[in-house]
Amino acid sequence: MDFQIALILGQDGITNGAIYALLALALVLVFAVTRVIFIPQGEFVAYGALTLAMVGNGVLPATVWLLLGAGVVVAVLDGMAALRAGQSKRLIAIMAVNLAYPLALLGLLKAMPLAELALALQVLVALLIVVPLGPMMYRIVYQPIAEAPVLVLLIVSVAAHLAMVGLGLLFFGAEGYRTPAFSDARFEVGPMTVTGQTVWVVMSSLVLIVALALFFGRTIYGKALRATAINRNGARLMGISPALAGKLTFFLAALIGTLSGVLISPITTIYYDSGFLIGLKGFVAAIIGGLASYPIAAGGAILVGLLEAFSSFWASAYKEVIVFTLIIPVLVWRSLTSHHMEEEE
Amino acid sequence: MGAHNEVSRAVLEVSNLTVHYGKVEALSNASIKVGEGQIVTVIGPNGAGKTTMLSAVMGMLASKGQVGFDGQIEGVPEVERMVARGMNLVPEKRELFGEMSVEDNLVLGAFQRYRMGKRDHGDTMEEVYALFPRLKERRAQLAGTLSGGERQMLAVGRALMAKPKLLMLDEPSLGLAPLIVREIFRIISELRRRGVSILLVEQNARAALQVADYAYVLETGAIAMEGPAHMLADDPRVIEAYLGLGGKHQDMLAG
Amino acid sequence: MKAGLSPRLFLVVFMGILLLAPLTLSAFYITLLNYIGLYAMVALGLVLLTGVGGLTSFGQAAFVGIGAYTTAVLSTSAELPAWIAWAGGAPWISLVVGLVLTAAVAVLIGSLTLKLSGHYLPLGTIAWGISLYFLFGTMATLGGHTGLSGIPAISVFGVELLQGHQVYYLIWAFLLLGIFTTRNLLDSREGRAIRALKGGIVMAEAMGVDTARSRMVIFVIAALLACASGWLYAHMQRFVNPTPFGLHLGIEYLFMAVVGGAAHVWGALVGAGVITVLKQWLQDVLPKLLGESGNFEIIVFGILMVLILHKARGGLWPIIVAGVNRVVPIRVDRRRIDPNATPLPRRNMPAAGDVLLEARDVTRRFGGLVANNNMSLSVRAGEILALIGPNGAGKSTMFNQVSGVDTPTSGEVLFLGQSVVGKGSRAISRLGMSRTFQHVKLLPTMSVLENVAIGAHLRGSKGVLASAWRMDRVEEDRILAEAARQIERVGLAEHMHDEAGSLALGQQRILEIARALASDPCLLLLDEPAAGLRYKEKQALGDLLKRLRGEGMGVLLVEHDMDFVMGLVDRVVVMEFGEKIAEGLPEEVQKNPAVLEAYLGGVE
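Chains as they are written, first to last, in the numbering used here: chain A, 1 to 345; chain B, 1 to 255; chain C, 1 to 604.
Mixed in with the good hints, there may be bad ones.
Mimicking DSS-like on lysine-lysine, the simulated pairs with C-alpha atoms at most 25 Å apart in a straight line are [as the list claims (entries may be wrong)]:
#1 K23(B) - K441(C)
#2 K247(A) - K23(B)
#3 K538(C) - K23(B)
#4 K441(C) - K423(C)
#5 K93(B) - K136(B)
These are calculated hints, taken from the structure and not from any lab test.
Using the sequences and the accompanying hints, generate a full structural model.
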């Protein structure tokens with residue numbers, strides 16, 4: 001391999017690594033706050049990318065029907081809970097958030113010439129459709145068993161992942177899509193050519209990471225999420241309910257996942273089931289950080305990206321084997337350095 | 001004893017509260033009352049169900065019975081709602097946010113008020129700092145690095161950030177050296193002077209009975225005795241409950 | 001409880017149906033039943049692993065793949081390397097090779113990943129599940145993604161099992177063999193050790209169970225069951241490719257176990273049946289319904305799983321049993337206890353007055369916090385020593401130092417003259433120290449008898465194979481008789497066969513003492529045995545402890561309840577702020593002003 005190729009591979013690795021870093025951060029966040037190992041994170045990537053592709057093709061994305069369906073389920077669950085607690089006043093708010101919003105969005109999308117919208121607006125549409133699925137998913141799937149052991153939550157995550165992949169096939173078909181690049185610019189930096197999309201991916205990741213850091217460091221809601229992660233009981237005593245923290249966390253995770261999908265789809269073709277492997281690579285990184293450390297997870301993500309890029313050159317057939325086998329020594333090292341074995345039923 | 005806590009206006013009125021852990025009844029039919037501006041203490045030996053009672057009142061544990069708070073009855077208390085309505089618990093384990101700064105811990109104490117649109121936590125924080133100057137010195141420090149006494153101060157301070165109508169303290173003297181215990185109890189008296197009603201659960205019966213207006217003795221999950229605190233302080237049966245002395249040595253304790 | 005139909009009757013009827021099924025059913029249904037049998041074998045391994053042992057694996061499909069590919073390569077490859085050529089072309093030999101290979105791989109993967117705590121383990125299984133799948137697809141000798149074909153059929157006594165209904169009997173024979181082996185294993189000394197994993201590592205180790213070994217045992221057994229399923233699959237299909245060994249199948253296997261009821265061997269069969277039939281039906285119906293082709297059944301499976309975990313975490317089997325019970329009561333067969341079984345050998349008890357346990361200057365720091373500071377105490381045979389002190393005084397920490405759960409920062413702990421610092425609770429238990437727990441740790445769904453028998457773990461020696469094939473019954477009778485004796489000794493005889501979880505807290509604490517006694521200890525460590533007990537129960541407990549003391553047992557008691565302690569113990573050590581503040585006879589300690597202050601608080 002010559003230097004030129006190494007530079008290209010390095011660039012690929014860092015681009016993908018930046019995406020994995022975002023996903024890893026979301027996974028660490030979700031686990032820390034809710035103890036959920038968020039396997040469906042990858043599906044948000046695929047849904048984001050493919051919803052954008054549908055919008056770009058001028059088709060009404062089927063995910064909006066999922067949004068409506070999930071809204072109905074949440075409205076029924078929350079509505080019944082409110083009635084049982086004798087708080088019928090809350091019904092209007094519940095209906096507005098869970099039914100009126102999806103319906104309004106549906107109407108708007110039907111009225112708009114989707115394919116002719118500017119790319120930025122198309123991205124916004126994808127976000128408006130896919131991101132609310134995050135908190136709704138928390139409400140439907142996880143909130144009823146929020147106190148269950150981590151292993152049960154994990155199995156539920158795998159089940160939710162499976163259902164979302166199946167729905168993805170139903171919504172988007174088996175065909176893969178690539179969305180147009182955000183920028184066709186090319187920069188000559190010394191001996192290498194950097195594509196505009198790479199710059200977009202890396203810069204967006206950095207901006208998002210900084211924004212998250214500010215959110216957690218400066219705002220009371222961000223602090224509330226950190227507090228929940230550190231001490232759930234303590235947080236409850238401050239009036240920070242696990243349900244609120246869970247929905248907020250899943251909102252962030254869905255936002256990160258959808259944005260990652262939007263960013264990566266100009267680089268690789270995304271199929272309905274591509275999210276899983278992308279998400280798992282984020283997982284490898286998150287586990288390098290012990291599902292606890294954000295900076296180590298981000299660093300691990302870059303490492304995973306580079307490892308993947310270089311192994312695809314040297315042993316392309318074994319690319320996935322190498323990346324996923326990496327996780328085992330990391331896991332062993334992690335569990336040897338963590339001390340609490342007991343009481344993790 | 002047949003005594004009752006006669007108050008003009010009750011902040012907290014718990015009746016027939018019962019808690020089960022699986023098949024085990026940890027608290028049976030407990031009824032207590034806290035009047036406005038009162039310090040009421042629940043004392044009793046370890047394992048009597050004191051912490052269980054506070055957790056159930058707060059809504060951290062499922063229970064049967066009635067919890068009347070601030071003139072409104074809750075069938076099933078729910079933590080977030082109780083906090084929003086002005087009830088606050090400083091738990092036995094403190095439950096601080098160890099990897100966050102002292103100041104962030106305090107800010108989160110006002111989370112529920114912030115959510116309801118009351119953005120006055122800056123002023124409240126100054127009041128808390130006035131009460132606990134030590135916390136102001138350490139405000140940038142991580143909560144996990146504080147000493148035992150400072151942690152307890154932070155836990156109380158954090159609860160005060162919510163401007164509670166009723167403050168419930170679970171074993172505030174636990175594991176603290178006597179000098180710091182005295183400081184904590186001084187602050188409890190001070191809080192009452194500022195109009196906060198307090199429900200104090202203590203194993204340290206003497207200190208608790210000294211500051212309290214009214215006291216309940218909890219034994220194996222049931223209220224065994226109640227009465228004005230100064231009267232219980234001299235009651236030999238309290239000592240008996242704690243030390244299994246059979247009343248033989250109360251002369252020594254009195255001395 | 002005695003009335004009702006014997007579960008054996010159900011079994012006989014079920015076997016009869018199985019036997020006759022091929023005579024009446026069409027080829028289509030036979031194939032379906034074959035698949036159910038194959039899947040149930042893998043799910044059975046997961047019942048053992050997940051439902052019983054508390055470990056979760058999404059990677060079992062990879063072990064199926066190892067079994068299938070091993071036999072595929074050995075029976076189709078024309079030019080095997082010389083060293084393995086002897087195994088070529090003979091399915092039964094390649095089964096053995098496959099099992100050996102699987103065991104080796106499982107031991108390797110297990111030794112790497114079984115140490116993983118909690119959720120890391122299932123994530124690890126996803127990782128190696130995917131890796132092995134990609135390996136199957138990329139290695140040239142395994143035929144890549146096209147796979148290997150031309151696999152011969154299995155011959156049994158010269159009969160080639162070419163047809164579906166022929167291989168049917170072999171598959172179900174394998175499955176039933178697996179089910180009975182697993183059931184036998186669970187009802188044995190080794191089985192109790194495996195089931196104890198769910199009661200927490202601390203408890204199991206304190207009873208002398210090597211938890212790392214138990215985890216490995218069930219991991220390997222689960223892998224072997226999967227491998228055998230793969231072997232059968234390869235010879236049934238006569239063709240293998242990587243698809244059926246991917247992660248999605250690994251997930252499906254786990255779903256089968258969970259849907260069926262992961263805590264019951266028959267749950268594996270129910271789960272495999274439900275999922276397989278449902279999948280067949282959905283694959284038929286959904287594409288027609290949706291007007292597109294694709295594996296849409298995963299949507300239904302995903303939603304079904306979420307619902308089951310929300311509403312019925314125990315799976316379908318318990319629901320089925322409860323349903324049948326409502327129609328025709330099923331008799332519950334109690335374990336018979338043989339009172340004439342030869343008693344287990346006992347250790348030589350130290351003479352009364354001998355020092356059993358001695359802690360010298362034990363200090364334990366957690367970071368800057370000194371939880372125990374220069375603590376010393378000693379316990380003699382035929383003596384009850386109480387360690388008391390207010391909440392947070394460091395009693396539990398001290399208890400952990402002497403029981404081997406934790407290691408002191410400095411200082412010495414001697415048991416029968418030997419240092420036990422850093423030895424671990426299993427070794428300490430073998431020496432004759434046994435304990436109970438502050439928060440009762442028992443297995444709520446197991447009977448009182450079985451719970452107590454866990455305590456006698458180190459007094460038996462029969463291993464996995466002996467247990468699985470019932471060559472352990474003599475020893476088993478002796479262990480159960482010993483457990484029954486201890487239960488009678490503590491006065492729980494009337495609850496012998498009840499579920500431990502149905503006892504009141506006080507009785508559960510007594511049960512823990514019986515479990516400790518079953519290990520034939522000379523020193524008992526009791527962590528707050530009177531907490532939560534009623535007055536009468538406390539009296540009974542006190543009487544029991546006095547009796548044990550009379551028999552020469554040493555007892556160390558950590559307790560809050562002064563009332564209980566004062567009438568009972570010989571000596572008292574009082575702690576506050578991690579240090580010893582008083583030691584002596586109960587009546588001396590009671591008068592000690594420092595003790596009064598510690599308990600009632602200081603007066604100004």
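25 Å limit on alpha-carbon distance, applied to hinted pair K23(B) and K441(C) = Holds. K23(B) to K441(C) sits at ~15 Å (cutoff 25 Å).
Straight-line Cα separation of K441(C) and K423(C) no greater than 25 Å?
-> 22 Å, holds
Could you grab the alpha-carbon distance between K538(C) and K23(B) and see if it respects the 25 Å cut-off?
-> 18 Å, holds
Is it true that the CA of K247(A) sits at most 25 Å from the CA of K23(B)?
-> 34 Å, violated
Given the hint that K93(B) pairs with K136(B), test it: the Cα-Cα distance must not exceed 25 Å.
-> Roughly 22 Å separates the two Cα atoms, so the pair holds.
The earlier numbered hint that this structure contradicts is number 2, and it is the only one.
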